[in-house]
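A.B. asks: Given the structure of chain A, go ahead and fit chain B onto it with the hints provided.
In order, the protein sequence lines correspond to chains A and B.
Numbered according to full-length UniProt numbering, the first sequence terminates at residue 439, and the numbering increases by one at each position without gaps.
Numbered according to full-length UniProt numbering, the second sequence terminates at residue 439, and the numbering increases by one at each position without gaps.
Please keep in mind that the hints were generated in silico from the structure rather than gathered at the bench.
Hints may be right or wrong, so weigh each one.
Derived DMTMM-like pairs: lysine to aspartate or glutamate, alpha-carbon spacing no greater than 25 Å straight-line [stated by the list, open to error]:
hint: 1; chain 1: B; residue 1: Lys-179; chain 2: A; residue 2: Glu-439
hint: 2; chain 1: A; residue 1: Lys-102; chain 2: A; residue 2: Asp-71
hint: 3; chain 1: B; residue 1: Lys-102; chain 2: B; residue 2: Glu-91
hint: 4; chain 1: A; residue 1: Lys-14; chain 2: A; residue 2: Glu-62
hint: 5; chain 1: B; residue 1: Lys-14; chain 2: B; residue 2: Asp-130
hint: 6; chain 1: A; residue 1: Lys-179; chain 2: B; residue 2: Glu-439
There are 2 protein chains.
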Amino acid sequence: MSPQNSVTARPALKVGVLGAGTVGTQVIRLLLEQSEEFTARSGARLAITGVAVRNVAAPRDESVPRELLTDDATAVATSNDLVIELIGGIEPARTLILAAFKAGASVITGNKALIAAHGPELYAAAAAADVDFYYEAAVAGAIPVVYALRESMAGDRVTSVLGIVNGTTNYILDEMSTKGLSFDEALATAQELGYAEADPTADVDGLDAAAKCAIIASLAFHTRVGLDDVTVEGIRSITAEDIREAHASGCEIKVLAIAQRREDDHARGISVRVHPALVPAHHPLASVHGAFNAVLIEAESAGRLMFYGQGAGGAPTASAVLSDVVAAAAHRVNGGQAPRESSYADLPVLGPESAITRYQVQLRVDDQPGSLATVAGVFAENGVSIDSVRQSAYVGAAEATVTIVTHPASVFHLDTAVDALRGEDRVLDVLSIQKVEGE
Amino acid sequence: MSPQNSVTARPALKVGVLGAGTVGTQVIRLLLEQSEEFTARSGARLAITGVAVRNVAAPRDESVPRELLTDDATAVATSNDLVIELIGGIEPARTLILAAFKAGASVITGNKALIAAHGPELYAAAAAADVDFYYEAAVAGAIPVVYALRESMAGDRVTSVLGIVNGTTNYILDEMSTKGLSFDEALATAQELGYAEADPTADVDGLDAAAKCAIIASLAFHTRVGLDDVTVEGIRSITAEDIREAHASGCEIKVLAIAQRREDDHARGISVRVHPALVPAHHPLASVHGAFNAVLIEAESAGRLMFYGQGAGGAPTASAVLSDVVAAAAHRVNGGQAPRESSYADLPVLGPESAITRYQVQLRVDDQPGSLATVAGVFAENGVSIDSVRQSAYVGAAEATVTIVTHPASVFHLDTAVDALRGEDRVLDVLSIQKVEGE
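Isolated chain A (complex conformation):
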């Protein structure tokens, strides 16, 4: 009888937890409360031997037994079969994880910043030690995006991934969209409710999404992509007026993490970027609200797949961590290993100038016959093809607003066209230029 079928023969695995914050507390609570289920599912009894925290004496949730607490993180990292790293940030997380690998432990983490910065070093260390390294919780909380890209798409070719992977910015944009708030007002609300940090930089400047985007692109395209490869633009400059204009165009503004394969006459490689974009209201990503996350994968055979769920929070993130714990434990019992880093495709990461996207350009023009023809001509001459044009003339005014949505174009062609427009007498002003994603 194999071990997983016999209760008495079930081996015990020692589990160490680094960090007892929001996620750590939930992970510990669930491991203790549902220990029989974890035993049945993983084939091993999972025994928490230590929880490393900075301050053992600090008040904390009663789910975490005090006798497990220690401030010796290195001891926890190096004396267990499975180590769950939930302290976040680069150091000491990196050093502790490397020590855990060296001590023969499999590691489960949700540390996107660390993986985006030091992924290859960590993958190599896990492979050298012949242990598992899992990080489902690093991208989009409870949504199994890492699995989907790493394993579900293993028999397919991903062409693009579009994701809403930062709940804080999605919440802020939602507040702006539904209540007409300014960015500062919406940010303040998000901070009051605990959706945004006191220092909101990582979220509102797109860095959190960029780390996740690097991980997504690495997995989707079997290529090493680090944080520095991601072109990032945050949401600080988005105004209430931008949102109103988006609504007038039948769109919502969303911060998207985008990883795209490009293989045409002009470029071959992958484009990896985070920026706000207009998304048509009928597109599934437009209706992802509040702190929810969603990831849309397009692949050659599978077509379009969408995954939606809670992208953050203690319990949803704990769910992702614990699924990895069960997988790593099962490998200890039955053999086998987590998929290793796969970077065989080694595609070039294209610079920001090679990103292809649609644009919405708003112009103030002289309301004379022929103005529209002039504008259209300038786009055509500069290799930018137009998808739609909308003109709003004001009664009695000598001016009109023209809103142009282009077909996908490179930023180079778009910039050249806009420069040329500025030189036209009939074009009085370039009011706004926004990216448009999702069809």
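C.D. replies: Same frame as chain A, now just chain B:
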């Protein structure tokens, strides 16, 4: 250097394919066209040694090399490392898969009918032979539902799964909803376009969805659930009038596969059923159109997760099959195994009388003061709590139509209440009773 890092050291695995229909053709084409990618991802060269078909001489897609064709299915089943079963149906698929296991092959299939009918026998045979058995393609095509339930939720407790898992009925209902067609007209359209079979029984009577629902429930609740455990209701009786009424209530009618855990004073166990239900228009499942599938999982920690994608078709199903092929191949190279059947929870499968759902009841009543109070009183006396009431009176008429939506109730309580309503003088007729799902 481990095998997966060295091209020269890469082992070859023999792959046999049973069936070369729509899915089989795509699987073979992709394995041949993208062989380098499959080698890089699985760690092994995957060499197709034979493709078993009924008629070797029949004309077929040129993607399938003629020299691989054979009518000796048993030879293909018993002489390979990996066997991909795509002939469908119970026999000879069952016998061939058992023979493959006995010969030491891992098996990948998309055969939902076979798994729903003989799952436990197949799981046991795979375990006895110490080989893998994968069936991602059996539920919802390219959407990784099997993985999500079996592995992503391994660290969580699923409370319910609601799915649109039959594209044919979803297409028919969509045509009825958007074009006002009758069931027969919509079915004819679906048949013309190849979305429905000449004999549409398996789809329109809910049997295909029931097989998938049994698989979903087994995985979600770690309990053996077979086809016979599923309460099934098809869509033949749905009229254009029903759809109009649904729209008037702000709903769409969808066929749902439902697997729910129930743990209250009245029942403990799982409810597993397929039936049409009103779904509020704002619910994510209401906007799943055409041949698309979607599965909504609710779990204690993760909260609500939704997966959406193409549920059928050659290429999307091939994508799911090939992800399983890569996983099974990687186990041959690196050790390890697919998760085994997990039925430790062994929850009772509740009968249809224990299903808890909301209902919409439409009544024709005497338009007199007090009629509404009478109706409300009858529901209350019979233990059915009312969520909303809508009354449409016709000018000058002595009658009104009352539409009641209840809170979740058992069919027993609902039936008792409706019987009592029929006995009331003021209730002239019970016009319709429909289930309502999704909040």
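A.B. asks: Each hint should be assessed against the structure and marked as holding or not.
C.D. replies: Hints, verified against the model:
1. B:Lys-179 to A:Glu-439: Holds, at roughly 24 Å.
2. A:Lys-102 to A:Asp-71: Holds, at roughly 20 Å.
3. B:Lys-102 to B:Glu-91: holds, 17 Å
4. A:Lys-14 to A:Glu-62: holds, 21 Å
5. B:Lys-14 to B:Asp-130: Holds, at roughly 17 Å.
6. A:Lys-179 to B:Glu-439: Between Lys-179 (chain A) and Glu-439 (chain B) the Cα gap is close to 24 Å, so the pair holds against 25 Å.
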